[in-house]
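Protein chains: 2
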Amino acid sequence: MQRIEQRASFGGRQEVWEHHSSSTDTAMRFGIYLPPAALAGQPCPVVYWLSGLTCNEQNFITKAGAQQYAAALGLIVVAPDTSPRGEGVANDEAYDLGQGAGFYLNATQQPWAAHFRMEDYVVQELPALVEAHFPATDKRSICGHSMGGHGALTLALRHPGRYASVSAFSPIAAPSQVPWGQKAFAAYLGEDRTAWAAHDTVALIANAPERLHLLVDQGQADEFLAGQLQPERLQAACQAAGHPLTLRLHAGYDHSYYFIASLIGEHLAHHSQALR
Amino acid sequence: MQRIEQRASFGGRQEVWEHHSSSTDTAMRFGIYLPPAALAGQPCPVVYWLSGLTCNEQNFITKAGAQQYAAALGLIVVAPDTSPRGEGVANDEAYDLGQGAGFYLNATQQPWAAHFRMEDYVVQELPALVEAHFPATDKRSICGHSMGGHGALTLALRHPGRYASVSAFSPIAAPSQVPWGQKAFAAYLGEDRTAWAAHDTVALIANAPERLHLLVDQGQADEFLAGQLQPERLQAACQAAGHPLTLRLHAGYDHSYYFIASLIGEHLAHHSQALR
Chain R
1 MQRIEQRASF GGRQEVWEHH SSSTDTAMRF GIYLPPAALA GQPCPVVYWL SGLTCNEQNF
61 ITKAGAQQYA AALGLIVVAP DTSPRGEGVA NDEAYDLGQG AGFYLNATQQ PWAAHFRMED
121 YVVQELPALV EAHFPATDKR SICGHSMGGH GALTLALRHP GRYASVSAFS PIAAPSQVPW
181 GQKAFAAYLG EDRTAWAAHD TVALIANAPE RLHLLVDQGQ ADEFLAGQLQ PERLQAACQA
241 AGHPLTLRLH AGYDHSYYFI ASLIGEHLAH HSQALR
Chain X
1001 MQRIEQRASF GGRQEVWEHH SSSTDTAMRF GIYLPPAALA GQPCPVVYWL SGLTCNEQNF
1061 ITKAGAQQYA AALGLIVVAP DTSPRGEGVA NDEAYDLGQG AGFYLNATQQ PWAAHFRMED
1121 YVVQELPALV EAHFPATDKR SICGHSMGGH GALTLALRHP GRYASVSAFS PIAAPSQVPW
1181 GQKAFAAYLG EDRTAWAAHD TVALIANAPE RLHLLVDQGQ ADEFLAGQLQ PERLQAACQA
1241 AGHPLTLRLH AGYDHSYYFI ASLIGEHLAH HSQALR
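Read top to bottom, the protein sequences are chains R and X.
If you count by the numbering used here, then the first sequence holds residues 1 to 276, one letter each, in order.
If you count by the numbering used here, then the second sequence holds residues 1001 to 1276, one letter each, in order.
No lab work stands behind these hints, which were simulated from the structure alone.
Ideal placement from N, C-alpha and C gives every residue a C-beta, glycine not left out.
Check the hints yourself; a few may be wrong.
[To be verified] Sample of chain X residues facing chain R (criterion: CB under 10 Å; computed from the structure):
(1) 1009
(2) 1061
(3) 1062
(4) 1063
(5) 1065
(6) 1221
(7) 1242
(8) 1244
(9) 1248
(10) 1250
(11) 1251
(12) 1253
(13) 1254
(14) 1261
(15) 1262
[Unchecked claim] Simulated crosslink set (EDC-like; lysine to aspartate or glutamate; CA at most 20 Å straight-line):
(16) 1063(X) to 15(R)
(17) 63(R) to 1005(X)
(18) 1063(X) to 5(R)
(19) 139(R) to 120(R)
(20) 63(R) to 232(R)
(21) 1183(X) to 1096(X)
(22) 139(R) to 210(R)
(23) 1183(X) to 1092(X)
(24) 183(R) to 96(R)
(25) 1183(X) to 1093(X)
(26) 1183(X) to 1223(X)
(27) 63(R) to 1015(X)
Could you put together the complete structure from these sequences and hints?
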């Protein structure tokens, strides 16, 4: 494991690491913010951030402004890349499939199955690495944006007990019913839609074994709201199942990091409360 | 004048505008953050931010995290591009000369003199535009980073009475004595070094007609500290002239936007106090 960036930030340190992942069988990069408490040797709980389509490990750490809140709250924040990458890794010319678009699942179809194993990476391998090499406790929360919001919600629902809390910005909450999700699931999981339901938040809600509260923020000027995000489907599914949901709609906000930056402090405070 | 971006941010709005500049005789872009008070129609004072080498109007508005503080303090923050750009504009292959490296002066030498008139643009044209088209008062402060720190300090020193306050991150404070400044000044101003002194903070301090306090933050792990920045020259000049300076050195911090983000809140609070 090799540290490739190290930046002082709000009294703590923003780092970027690269390592060989046994899940994806590629090099993987992740950002990790170590708050002042962690630098002083105090074990801190960890919030995992999952980014959206086209992002790598840099977008969140340079644009979200999360470090100041993580510093004050004593949280480690880990932001992995969104897919395996590299010359030997399958790809697609489109921005919404292949490298930069891993959808946080283990692909079962060729040519993706060899490396696109982001669920194993995010849920198992990365936390084990973080907890072994940094002053981290085994308390974890998870959040993300867009494709990463889908990732946070589905991984929390698929792994009950593993996360103290979960939140999402502008998530793809019903991927089986929108173009982004249909394209990715057909490629990664095949045409059998029963396999899709296991990675679809709205489909998972009905029989969720753990009724973990979902905090979801959505901008009403989001250019993908009607076509790809459709939070009303999430609201209906939660109401039908009695699943606790806080869905907040924000007038004027779009799909960009300006929206995330405006509310990431509230999300980290929410996770901090659950993690203590 | 055309608005090319509009993003809700911390209850206010981050916008980007493009217009034809009579100073540079090119199209110019600038970012402008309008805090909630300005959106409600209340005239707000304006802080001008000048970015460093290679930057355009995007770097500060996407990476510094200034919007939250500007929102709370009721400040408009304007961040122009760092030079004229375009096909008909002179350029150099190097990152530290030409487009992206205007050094906030009016060039007198060819081929630069036709368009590289950033001092006129930043000091006169841009404030006139901002004060005519947005709910801005005529109270102005100025700050910047690296080449933009040089810009903020020299423009405040060269235009006494125009700015209520000035601050800089990691400024090129003695450009006549370091490689970045020597290369740019020779190209833009010619080989006569007496012309250089009029755009060099350390040289200007001795006879400054206004003893405006300088707030300067500098990271001690800055990769350009010894070679290009040399804040000890600024400190010596201020001591010799009795010019008020607050120079703060920060262990571990480098030249990046992680440093700016960590302290921009303190700079905006400083400017807000002077602007009221």
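These are the hints, each one checked on the structure:
no.	hint	result
1	1009	4 Å, holds
2	1061	9 Å, holds
3	1062	6 Å, holds
4	1063	5 Å, holds
5	1065	4 Å, holds
6	1221	7 Å, holds
7	1242	33 Å, violated
8	1244	27 Å, violated
9	1248	14 Å, violated
10	1250	7 Å, holds
11	1251	8 Å, holds
12	1253	4 Å, holds
13	1254	6 Å, holds
14	1261	7 Å, holds
15	1262	5 Å, holds
16	1063(X) to 15(R)	16 Å, holds
17	63(R) to 1005(X)	17 Å, holds
18	1063(X) to 5(R)	17 Å, holds
19	139(R) to 120(R)	18 Å, holds
20	63(R) to 232(R)	28 Å, violated
21	1183(X) to 1096(X)	8 Å, holds
22	139(R) to 210(R)	17 Å, holds
23	1183(X) to 1092(X)	12 Å, holds
24	183(R) to 96(R)	8 Å, holds
25	1183(X) to 1093(X)	13 Å, holds
26	1183(X) to 1223(X)	19 Å, holds
27	63(R) to 1015(X)	16 Å, holds
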